[in-house]
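Following the hints, complete the assembly by docking chain B onto the known chain A.
Number of protein chains: 2
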Amino acid sequence: MRIGILGTGVVGKTLGTKLVRLGHDVRMGSRKAGSDKAKAWAKEAGSGASEGAFADAAAHGEIIFNCTAGMASLDALRAAGTRNLQGKILIDVSNPLDFSKGMPPSLSVSNTDSLGEQIQKSFPETKVVKTLNTVTAALMVDPSLIPGMHTMFISGNDAQAKDTTVKLLKEGFGWKEVLDLGDLSAARAQEMYLPLWLRLYMKLQTANVNVHVVRG
Amino acid sequence: MRIGILGTGVVGKTLGTKLVRLGHDVRMGSRKAGSDKAKAWAKEAGSGASEGAFADAAAHGEIIFNCTAGMASLDALRAAGTRNLQGKILIDVSNPLDFSKGMPPSLSVSNTDSLGEQIQKSFPETKVVKTLNTVTAALMVDPSLIPGMHTMFISGNDAQAKDTTVKLLKEGFGWKEVLDLGDLSAARAQEMYLPLWLRLYMKLQTANVNVHVVRG
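Chains as they are written, first to last, in the numbering used here: chain A, 1 to 216; chain B, 1001 to 1216.
Chain A on its own, in the form it takes in the complex (with noise of 0.2 Å):
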């Protein structure tokens, strides 16, 4: 399949070279086509993998991950180019962390709307799926780094695009356990979590931490 990746950082890398791996044919976007990291990054995940502007990693996909910092996700979309993302499923794995507060990060969208729901308002014929943004960077391509059973969470307004992500994220990822949310509004309560997950992070001295839902 082809893939687009928005955004140069850990979380991108990370997910193009477990989706090269995986076979598919992957294209990494930046701000300016040629940018140093997305080169060095194609070069080490070597066949299947390609580098260019935000728009071209737009083009290529017929699934894109949105892997920037939150507070540029909407930027980073808009030079994707609405036309590039159109009709595509736009998988969401930013948060909306504001470090311009000081240690740790609040949130620059909460409570009453969410950065997942603002992509989907600003790109209505993308079909928006939030997913991954609670776990760090490792573990969204390799949930064994946490033996047993913990929960990855996923929501959207559009069923089939789900699908085809919890898809990619069981058979693909290794997720065991994936949970439906509901739709996008759900965002709000994933990108809310962050602050606890940064306590654990804090408290626990390792980023490989994430929930099991356990019910009675």
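Please note: incorrect hints may appear among the correct ones.
Unchecked claim - Taking lysine to any residue pairs in the SDA-like style, the calculated list, with each CA pair at most 20 Å apart, reads:
#	chain 1	residue 1	chain 2	residue 2
1	B	LYS1203	A	ARG215
2	A	LYS203	B	MET1149
3	B	LYS1203	A	GLY182
4	B	LYS1176	A	LEU204
5	B	LYS1176	A	ARG215
6	B	LYS1101	A	SER185
7	B	LYS1176	A	VAL209
8	A	LYS203	B	ASP1180
Unchecked claim - One side of the interface only, derived from the structure: several residues of chain B facing chain A at Cβ under 8 Å:
#	residue
9	SER1106
10	THR1112
11	ILE1146
12	GLN1160
13	ALA1186
14	ALA1189
15	ASN1208
16	VAL1209
17	ASN1210
18	VAL1211
19	VAL1214
Hint data in this document are derived by calculation from the structure and do not stem from the laboratory. Where a beta carbon is used, it is the ideal one built from N, C-alpha and C, also for glycine.
Positioned in the frame of chain A, the structure of chain B alone reads:
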């Protein structure tokens, strides 16, 4: 031990009854002494249970539980009185849920502040401990309603107050895993978990739901 319970809802009644059964001397407080709900609870809970105004319950307790609705908590605590709360442990179980904008509720304070911190700021000589707000009332006092391990979070600025509370949670209520998230600013994370809890409740159709924190 003498314990004050502020609030006559399901949370207050459930905690109050459990504490009476554990042998504590529990006084439930409401806006006015002699409320029907508090009197009915005291009668049912039996010996060791009494009721009065918020100030009566606060004056009575060595430990006080805030079980009022989050948006009414600061008013209830003001009615309880600064002097009656001074130097005491206040276990804040409440959530700042705002139901005025429809379902699911939003939070009336979040992100860069929390209800727990607002209470601490309003009553600087009271030892505020935030805990139990992430599970339904029945589960607070009987975590075995969910089989296996699951996690209760706690935060607060006073180490000794947290120790006393952890002991009550473990030895009194049966919690096996209580995770100290640090100082009371972690109440933001605990309260911002509520939107996720509400989604899980809606999705799984049971209030007996919690998370188990797991790590690599």
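Task: Hints breached by this structure - done: 12
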